[in-house]
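Colleague: Single-letter residue listing:
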Amino acid sequence: MALTDKVEIARRSMVLFFVIDSSGSMDGDKIGSVNTAIQEVIPALREVSDENADAEIKVAALEFSSGVSWITKGGPVAVDQFTWKFINAGGVTDFGAACHELNDKLSTKAFMQEATGSYAPAIFLLSDGEPTDDWESALDTLRENGWFKRAVKVAIAIGDEANKDILAKFTGSMEAVMEVRNIEKLKNMIKFVSVRASQVASKSSNVSGGAQSGEEEKQAEINAAIQEVVSDQEDL
Amino acid sequence: MNGCRAFAATAAGGSHTREGKECQDHSRHDKDPLYSAAVVADGHGSEDCFRSAKGARFAAESAIQVIHAFVYSEREERKKPSLPFFPAQYRPFDERDFERRLREVVVKGIVGSWYSKVNADIEVYPFTPEELAGASEKYRARYAKREALHHAYGTTLIAAAVTPDYWFGIHIGDGRFTVFNRDGSFCQPVPWDERCFLNATTSICDDDAIPSARLFCRPVTAETPAPAAIFLCSDGVDDNFSVENNARDLAQKVYTPIVQTFAAEGFESTCAQIKDLCAKFAANGKADDTSLAGLINMDAVQKAVERGLNPEG
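Line order of the protein sequences matches chains R and E. With this note's numbering applied, the first sequence corresponds to residues 53 to 288, in that order. With this note's numbering applied, the second sequence corresponds to residues 912 to 1224, in that order.
What the hints contain is simulated information worked out from the structure, not anything from laboratory work. Check each hint, because a few of them may be wrong.
Unchecked claim - Derived BS3-like pairs: lysine-lysine, alpha-carbon spacing no greater than 25 Å straight-line:
#1 R:Lys58 <-> E:Lys1191
#2 E:Lys1049 <-> R:Lys58
#3 E:Lys1214 <-> R:Lys58
#4 R:Lys161 <-> E:Lys1164
#5 E:Lys1186 <-> R:Lys58
#6 E:Lys1186 <-> E:Lys932
#7 R:Lys58 <-> R:Lys82
#8 R:Lys201 <-> E:Lys1049
Next up, chain R with everything else stripped away, as it sits in the complex (with noise of 0.2 Å):
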C-alpha cells in the first residue's frame, strides 16, 4: 500500500454556535420563533456542510436565562446528526453566566478540542432584553479567549427592549448587530445568519501576517453581508 493511502487527511470542522437568550420576555412568538428557525435552518446548514470539501459544519446550542443550560450538552455535534429539542422561555436574563460558560467552552480542554488550524468558530447571540446578571466582567475575561477574538460573531437585537450596545461589544462593532421588530423578519435572519456565518467561518483562509488576519477578513465579510441585507429590508 502506498504511503499516500496509508496516511488519512480528517475533514476539519468548524462548530457554529447558537447563543440564545431564553428569558422570560422571550415567551411566546419570539422563543417559538427561534425554535422553528433554527429547526428549519438544519437542512440548508447540512446542505452547507455536504458542499464544503475543507470543512464540516458542526452545532453547539447554549440557552441562558435564570442560569445556562447547553442544548448539545456532549459538545459540538455534526450537522447531519444534529436535531432541534424545542426550548422554553422564563427566568432573568443571566448574559454573564453564558459569556463564561462560553468562555469555558472555548478551549481545546472542551469544545474546540477537534478543531484544526485555521476553522475559528462563529457564534450568534440572540437576545431581547437587558442582562440581569454581573456580566460586564464575564464578557471582558471572554473577549481575551483567543477563539472567541477570532471567532465570526454576529448577533440579533429582537425587539427594541433589547440592548444593542451590549449585544454590540459582544460581536465587536454594531456592524454584526441585526435588528428585528417582527417575528417573520426574526426567522428569516436566523436562517440567514446561520447559513451565511458557517458559509463565511468554514472559508480556508490561508494568510497571517497581514494587516488583517483571516478572521478578520471574515468578520468583515460577515459584517457587510449583514448590513446588505439590513439595507435590503429597508428598501422593501
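Chain E: place on chain R using the hints.
Modeller: Same frame as chain R, but now just chain E:
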C-alpha cells in the same frame, strides 16, 4: 559521518493554485561529510507579504549556508585546547553554552543573511504598483515610506541538523518539529510559541525573531545517540489534525506510516512517496502549501520499527 540521510519535499496548495498564487513554502536539505541538515520555510502568503515565496526561499538558503559555516567552525573550535593539555573536544557538552552559540551565531546569522538577501532583492526588483495594489492601506503607506519592507518577504523557518557530536533544531513561527526516538516513541522537543494560534504566526521578519527563536540541542555520544529521525513540516500538514492532540495525531497518523515505509521500502522509494503525500495534503484538507523534510538514520529507524513503535510516547 553522522549516519543520517536527508530529504525535503514541497507541494503547492490547491487553495493557492486556484487563486493563481505561487507556492510560498520552500524546503531543502543538505548532506555533507560532517553533517546532515533539513529546512522548511513557509512564507506568510497574505496580500501584504507578496514576496513571501522569495522570503521562504531566502530563509531556507540562509539556514543551509549558516548551518554549514557553523558546523565547520565548531569543528575547528573543538580542536583548540581550552586549557593546557585539555582539548575542547574532551570537555563535556554544555547545552546552555551551545544554545547560546546557536542563538548568537546560527539564528543571528540566518536572520542577518535573510535580511541581506531581502535588501539585495528589493534593490534589484523594487516593489511594483501591481504588487502594492493588493496590499492593505496600512502596509502600502509603510512601504511607500520604505518602512518594514522585509515584511513583504515574511516567513516561518524550521531547521534541523545532525552531526557526529551534536544535533539541534531551530524554530521560528508555526509548523512542527517532531523527533522519532530510537525507542520507537515520538516527541516535539522544541518549545511551542503560544503566539502561533490559528492563522497567526511569528515570523523571521519580527523584530524579536532572534531572541524569540525556539531552540533545542543535545550532544551525540555512544550513550545518547542522535534520534532515529527528525521530521519538519509546515502547517499544511499539522493544521489538518486536532489542536489538542496535534503531536499525537501527527505521530500516529503521519509519521508512524512514514517510518514504517522507510523501514519496509527503503530511502529512495519512501522519499518519492513523501512527495506524493505532500501533494495529497496540498490538494485535500486544508489545501495549503505543504512541506515535509527530515533527517533519517535508516539503520536506527529499521531497528526501532522492528522493536515496535510507540506513537503515544
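Colleague: Hint by hint, note whether the structure agrees.
Modeller: A quick look at each hint next to the structure:
1. R:Lys58 <-> E:Lys1191: With a Cα-Cα distance of about 12 Å, the restraint between R:Lys58 and E:Lys1191 holds, given a limit of 25 Å.
2. E:Lys1049 <-> R:Lys58: It is violated: about 45 Å lies between the C-alpha atoms, which goes past 25 Å.
3. E:Lys1214 <-> R:Lys58: holds (21 Å)
4. R:Lys161 <-> E:Lys1164: holds (21 Å)
5. E:Lys1186 <-> R:Lys58: holds (14 Å)
6. E:Lys1186 <-> E:Lys932: holds (20 Å)
7. R:Lys58 <-> R:Lys82: violated (51 Å)
8. R:Lys201 <-> E:Lys1049: Given pair R:Lys201, E:Lys1049 holds - Cα atoms ~21 Å apart, limit 25 Å.
This entry does not satisfy hints 2 and 7, going by the numbered hints stated previously.
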